[in-house]
Amino acid sequence: MAKYLFQGDFKNKVGEVKVKLLLVNFKDENNIHFIYSPHLDLTGYGQSLDEAKKSFEIVFEDLIDYTLKKKSLGKVLSKLGWQLKGTIKKPKKVLAPSITSVINKNDYVSEIFDKYPVSTYHQEVGIPAFA
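Residues in the sequence shown are numbered from 1 upward in steps of one, following our numbering.
Note that these hints are calculated values from the structure, not bench results.
For each residue, glycine too, the CB sits at the ideal point set by N, CA and C.
Check before you lean on any hint, since a few could be wrong.
[What the hints assert, rightly or not] Taking lysine-lysine and the DSBU-like style, the derived pairs with C-alpha atoms no more than 30 Å apart in a straight line are:
(1) Lys-53 x Lys-71
(2) Lys-70 x Lys-53
(3) Lys-53 x Lys-115
(4) Lys-27 x Lys-71
(5) Lys-79 x Lys-69
(6) Lys-79 x Lys-53
(7) Lys-69 x Lys-53
(8) Lys-27 x Lys-54
(9) Lys-85 x Lys-115
(10) Lys-79 x Lys-27
(11) Lys-70 x Lys-85
(12) Lys-105 x Lys-75
(13) Lys-53 x Lys-105
(14) Lys-79 x Lys-54
(15) Lys-27 x Lys-105
(16) Lys-70 x Lys-54
[Stated by the list, open to error] Label pairs and their calculated CB-CB ranges:
(17) Asp-28 x Ile-58: 33 to 43 Å
(18) Gln-83 x Asp-50: 25 to 35 Å
(19) Glu-29 x Lys-75: 33 to 43 Å
(20) Asn-106 x Ser-72: 32 to 42 Å
(21) Lys-75 x Ser-101: 17 to 27 Å
(22) Lys-85 x Ser-48: 10 to 20 Å
Generate coordinates for the entire structure from the input sequences, incorporating the hints supplied.
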């Protein structure tokens with residue numbers, strides 16, 4: 001399975017977020033392509049890898065747009081196990097949880113790694129700007 005890192009910028013009226021995310025790519029038994037972010041618990045899918053990437057981008061943008069508008073991005077990340085150094089609304093440093101802890105706490109992630117051949121690449125994720 002291919003491994004890759006999603007990189008992008010997202011802007012809306014409320015704020016700007018820059019990201020580098022660890023993503024997992026796999027195909028299920030029906031040959032559907034999936035892109036999954038264990039650290040954000042987000043999934044995109046499609047008939048091809050390109051469709052899955054586009055689907056993931058839509059889901060990611062929706063999450064960021066919604067949480068920035070509601071001023072809840074820090075709260076959502078905290079619930080997902082992220083560490084926010086400073087305050088939730090204005091963190092000085094944002095640390096993603098280890099992939100091991102994500103796998104142990106999330107049955108869906110465990111199932112992906114148990115059921116499908118996947119490749120992963122670990123990189124610290126940064127979200128430097130909150131609104």
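Okay, the hints, checked on the actual structure:
| no. | hint | verdict |
| --- | --- | --- |
| 1 | Lys-53 x Lys-71 | holds, 26 Å |
| 2 | Lys-70 x Lys-53 | holds, 26 Å |
| 3 | Lys-53 x Lys-115 | holds, 21 Å |
| 4 | Lys-27 x Lys-71 | violated, 35 Å |
| 5 | Lys-79 x Lys-69 | holds, 18 Å |
| 6 | Lys-79 x Lys-53 | holds, 25 Å |
| 7 | Lys-69 x Lys-53 | holds, 24 Å |
| 8 | Lys-27 x Lys-54 | holds, 16 Å |
| 9 | Lys-85 x Lys-115 | violated, 35 Å |
| 10 | Lys-79 x Lys-27 | holds, 28 Å |
| 11 | Lys-70 x Lys-85 | holds, 21 Å |
| 12 | Lys-105 x Lys-75 | holds, 18 Å |
| 13 | Lys-53 x Lys-105 | holds, 25 Å |
| 14 | Lys-79 x Lys-54 | holds, 26 Å |
| 15 | Lys-27 x Lys-105 | holds, 23 Å |
| 16 | Lys-70 x Lys-54 | holds, 24 Å |
| 17 | Asp-28 x Ile-58: 33 to 43 Å | violated, 20 Å |
| 18 | Gln-83 x Asp-50: 25 to 35 Å | holds, 34 Å |
| 19 | Glu-29 x Lys-75: 33 to 43 Å | holds, 36 Å |
| 20 | Asn-106 x Ser-72: 32 to 42 Å | violated, 20 Å |
| 21 | Lys-75 x Ser-101: 17 to 27 Å | holds, 19 Å |
| 22 | Lys-85 x Ser-48: 10 to 20 Å | violated, 39 Å |
Hint compliance for this structure: hints 4, 9, 17, 20, 22 are broken, all remaining hints hold.
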